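What follows is each chain in one-letter form.
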Amino acid sequence: MVLSINTLTYLDHAATTPMRPEAVEAMLPFLSERFANPSGSHRFARSVRQVVDEARDVVADALGCTPGEIVFTGCGTESDNAAIAGTQQRHGGIGVCPAVEHHAVLHATLHGGGRVVAVDSAARVDLTALATTLDDIAAIGQTVSIVSVMAVNNEVGSITSLADVAAVVHRHAPSALLHTDAVQAPCWIDLRTITPHVDLLALSAHKFGGPKGVGVLMARQGTVLEPLLQGGGQERDRRSGTHNVAGIVAMSEALRLTDIERVADNLRIESLRNHLVDTVLAELDDVIETVARDSKVVGSAHICIADIESEALLYLLDEGGICASAASACAAGAMEPSHVLAAMGVDRRYSPGALRMTLGTTTTEDDIDRTIDVLVAAVRRLRTPRAAHVSTADPTGASA
Amino acid sequence: MKVMVAMSGGVDSSVAAALLVEQGHEVVGVTMRLWGGESDTGCCSVSDVDDARRVAQQLGIDHLVFNFTEDFNTHVVDPYVQAHVDGITPNPCIECNRHVKFARLSERATLLGFDAVATGHHARATESGRGLELERGADRDKDQSYVVHMIDQTELQRTMFPVGAMTKPEVRAHAARLGLRTATKPDSQDVCFITSTGGRTTFLGDRIPFRRGRVVDSAGTTVATVPAVEMITLGQRRGIGLPGGGPKQFVVDIDMSSATITVGTDADLYVAGHIVHEMTWIHDAATVAEIPTVLVQCSAHGAPQPATVTIGTDGRTAHVRWIDPQRRIAPGQSVVLYDPSDRFVLGGGIAGAPLT
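Sequences listed follow chains G and Z, in order. Be aware that the first sequence starts at 20, since it is given in our numbering, and climbs by one per residue. Be aware that the second sequence starts at 720, since it is given in our numbering, and climbs by one per residue.
The hints are simulated quantities; they were obtained by calculation from the structure and are not laboratory data. Keep in mind that this is a model prediction, so the values were computed, not measured. Check before you lean on any hint, since a few could be wrong.
Here are the simulated EDC-like pairs of lysine to aspartate or glutamate, each with C-alpha atoms no more than 20 Å apart in a straight line [unchecked claim]:
#1 Z:K721 <-> G:D297
#2 Z:K904 <-> Z:E745
#3 Z:K721 <-> Z:E745
#4 Z:K721 <-> Z:E826
#5 G:K231 <-> G:D278
#6 Z:K721 <-> G:D337
#7 Z:K887 <-> Z:D858
#8 Z:K904 <-> Z:E846
#9 Z:K721 <-> G:D278
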């Protein structure tokens, strides 16, 4: 049996969300008869070039920037790296980011010798710590060339005000660029409220109903970056490589629809999320909602369950046909302890039992009801004392 | 039965999974992520996980990766490092079996509703009148009963060793017949967290300060120095800074407090017996105490030697007395007792001080 969203309950929309049918429709011609390379000189190429240009207009409109500020990339990770490494390679200096960033930002920042800043208990950057760090770095004669702060946290869903961050950066590191990984934002937040505060912004198409393998880097006019890739000079020398035309077209269509339907979708999804979390909290003791609802996006239902382990819970959820997650997985596919929960200072009694359920446009009431049933039963089972179990870790089984 | 099979990405556990599927069990493959650091060998690398996953896919079974790095660090790696500080020669693979495979994984399996855990070890769980015996694998050269000796009766009851009745060539032939990608994969020999390039010296050197050791002869005269007393093992002959020629010299004693290594002849290494600590038993101590002479094995593939055993009242300590004097066992090594027929494990523990 081929597993699909029709046979499973899918609550892992922050990992990836299904493509909007209109986006699938939009990309198909460019995978077949309209295959021309938009950088070519003939009319066939020009006709496809027009489609890429129009897609750029749509994306720019959704972000509230000019089309010239949009760079199409291969994924969100590329956009983050292009921003951070591209800034450092061109302007020198080091990067600064909060400890809860996605690894695409965290690892890129640390790789460049950057510094990490503490967060509050809701996983938002601690603005005082940020100011202090920027001052400290200046005091030892180093330059901060880029500060990177995510708009929405991918694990726990918390929202950071980029306006507040921008105020601190402008005061304490006036020459630094401000970058935001906004990969988790488009479904929940009007990007026009974020873009004006930043110099650089990263998006990934498959998080909002577009295809995998295409992303966006918004680079404010006048921002000069060293490109990651050397080549044919596409995207005004900012990102070489033949355009992923089908991906770009589908992404723009997905973003256009997301932007139009956001308010209505959010209302519906918020009520589903609240029902899910309220019921689980009522049914089970010793469960905490990791971040308060007014501090996070409506699609996020992140909870921490005392006295159980995520890996065991995810197995039982999986067995019950529920797709959810805990933290990020390593190259081998194993769950890694969450760096986000560690940075937030979540109680060690709760953090091993982290569960991330993320909702999306396709989530139904049925999905939520089924998830509640399976989740509550699974937690009760994992918490049942296991009298029959004897562990060999205790060698006192020996009898004389 | 619903069986969780521990798949390392090697041929033995691949075939173990295949046999369980052929026997009609409901099988789920699990690869344990144990070591988070650098690795180029053993059961931890990403390419081994890839092999395990591809074999599981070919067999049509589910495959999961469990992250037990924290348990592995606590119970295997940290004690391994500390043991070297204390002048003890540990066996990390045995501690991994004791604390991770036959404890943590088995506990997880029970919790998730599995009836048994299977591994690719060459050992057998054999029915006898009084429960299950832990029997040597059918392939004497590949027998791994020594490294799983700490398993107790309860654990043995829900453990399966599907390849234990096969020889290694039979295992490989079975894998080849099924077209499994691991059919010709070489056996892993080394400790998974020690890289072949850096070795034990680099691994330990990154974690503990090495102390220069003074090498003395039986009269107490300094004859050489070594850069790291922590790297010296009892019975060692090479790498102790002694010139060639002359009679063969062995490490016969290590005093960690003064970083002094005493060398002597091979004959100086021979002892009448050993105290063995942390004994575990397949059944119980009392029945073993009644056996006049048992066979005792002190390394993974060492020849078992006859000995008498006296067991302390708590069953945790045993005095093993050799019938003929044997070379001293490095402290920390596992000492495993077999029945007089040399087929069944009776119990085992950790080597302590020698008996005179």
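Hints and how they fare:
{"no.": "1", "hint": "Z:K721 <-> G:D297", "verdict": "violated (35 Å)"}
{"no.": "2", "hint": "Z:K904 <-> Z:E745", "verdict": "violated (26 Å)"}
{"no.": "3", "hint": "Z:K721 <-> Z:E745", "verdict": "holds (5 Å)"}
{"no.": "4", "hint": "Z:K721 <-> Z:E826", "verdict": "holds (14 Å)"}
{"no.": "5", "hint": "G:K231 <-> G:D278", "verdict": "holds (19 Å)"}
{"no.": "6", "hint": "Z:K721 <-> G:D337", "verdict": "holds (16 Å)"}
{"no.": "7", "hint": "Z:K887 <-> Z:D858", "verdict": "holds (7 Å)"}
{"no.": "8", "hint": "Z:K904 <-> Z:E846", "verdict": "violated (32 Å)"}
{"no.": "9", "hint": "Z:K721 <-> G:D278", "verdict": "violated (48 Å)"}
Hints 1, 2, 8 and 9, counting from the list given before, are not met by this structure.
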